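Visitor: Input sequences plus hints: build the corresponding full structure.
385 is the number that the numbering used here gives to position 397 of the sequence shown; each next residue is one higher, with no gaps.
Just so you know, these hints were derived from the structure itself, not from any lab.
This one's a predicted model, so the numbers in the text were calculated from it and none came from an experiment.
Every residue gets a Cβ at the ideal spot worked out from N, C-alpha and C, and that includes glycine.
Wrong hints could be hidden among the right ones.
[As the list claims (entries may be wrong)] The list that follows gives simulated cross-link-like pairs (lysine-lysine, DSBU-like), each with its CA atoms no further than 30 angstroms apart:
id, residue 1, residue 2
1, LYS98, LYS288
2, LYS57, LYS279
3, LYS238, LYS341
4, LYS92, LYS238
[To be verified] Have a look at the derived ranges for each label pair, beta carbon to beta carbon:
id, residue 1, residue 2, range
5, ASP272, LYS119, 23 to 33 angstroms
6, ALA169, ASP107, 25 to 35 angstroms
7, THR324, LYS258, 21 to 31 angstroms
8, LYS241, GLN283, 41 to 51 angstroms
9, LYS119, PRO293, 39 to 49 angstroms
10, ASN211, PHE296, 56 to 66 angstroms
11, VAL321, GLY343, 21 to 31 angstroms
12, ASP107, ASN232, 50 to 60 angstroms
13, LYS57, GLY276, 31 to 41 angstroms
14, GLN151, ASP107, 51 to 61 angstroms
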Amino acid sequence: MDQHIKDPSIIAPEPVRRTSRGRGILTGCLVLAVLAGIVWWTRQQSPPQQAGGGRNAGPMSIVPETVGKGDIGVSLNALGTVTSLATVTIRSQISGYLMKIDFKEGDEVKKGDLIAEIDSRPYEATLAQAKGTLARDEAQLKGAQVDLTRYQNLATQNAVPHQTLDTQVALVAQYQGTVEADRASVKSAEVNLQYCHIVSPINGRVGLRQVDLGNYVTPGDTNGLVVITQLEPISVLFTLPEDNLQAVAKRMKEGAVLPTAAYDRSGANKLAEGSLQTFDSQIDATTGTIKLRAQFENDKRTLYPNQFVNIRLLLDTHKDATTMPTAGIQRGVPGTFVYLVNADSTVSVRPVKLGVTDGDRVEVLSGLVPGDHIVIDGADKLREGAKVIVRSAADAANPAAAAKGGPNGAAKGEGGAEPDKAGGGHRKRSEDGQTK
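Guide: Right, here's the structure in full:
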């Protein structure tokens, strides 16, 4: 056998290497195909670009509002405390046993109504004694006056000494003084007897009873019998910064009646309406504020003493002012601005100058005219020249119901209305399908 013949195992590797290279190329192609499929599937599943996110984005859905014209009030807001115009603690003026209580807790009483009675027997006896003393001393005075008349007649005839006459004159004067003191004692006893019947000094509401029937009451009792509080009318004390004092004083000097409204703690519910009465004579140096008092009829009993309320004082009213909703105000690089809805269903940035604010309306000093349409909802992604679709406020509050109105539900207003691109409003669609 030839020694130079090569080993077959040495000749075989060339086709094996070719086969391995082909398999590697095939595997790479498969991997690239899989990656391409994943990328395609991911792009198909990604959400569409939101409106306003780029220059080719679709039109934004917005809610417009028309700039109006009307009166707007210049109001001052403050925190106040309800204060009764009269609060009386009923106390006994004399000492004695409480024999009768003629009220129920929470009753409404009028001035002069009986509140309670104290045992009057000791005071009736004192009055009778004072009257008896008065009658006795009046009799003595009358006898002394008769004697004086007699001595005066005798003195003209020099029948009695002048000393006797002078003594009788002094005795008559003494009895006259005694009678006057007796009459005062009778009057004092009568007053004490009247104090046994305690009556209400004001119209008001009776509070909780402080003492029970049968107790011995005295003028020194700290709590008294009961507290009566006047509720109609009632006042509210509140404070304003000293900077507002000149404006308030000027209006009051002109004779203007400044309406004042009281709101609950949240400031949403109006409790009562009244008017400003006066303000304090000095400014509090520690806080830089001044106290004012407003009065309310309170016929509905919505205000009670020591209740905390929010006060809105109407200082002045701007007549025929241009007004807009505060929801349309935007602030940014241009300053204070709004998005104005144009006739071609686009928006433009319009800088505005604002005046006073009254609730959800604000005065526009410049930049807008009545009849302009501004964006009040959906302005967060708008820009100059952006396309918009007008929807109603009802659709903004209930987008699910708006979407059920049709394929273009987001662009429809209440009652199947479509946006009027010419005026930024809505056109009604009748039942026969024609647009009006």
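Visitor: Which of the listed hints are not met by the structure?
Guide: 2, 4, 5, 8, 10
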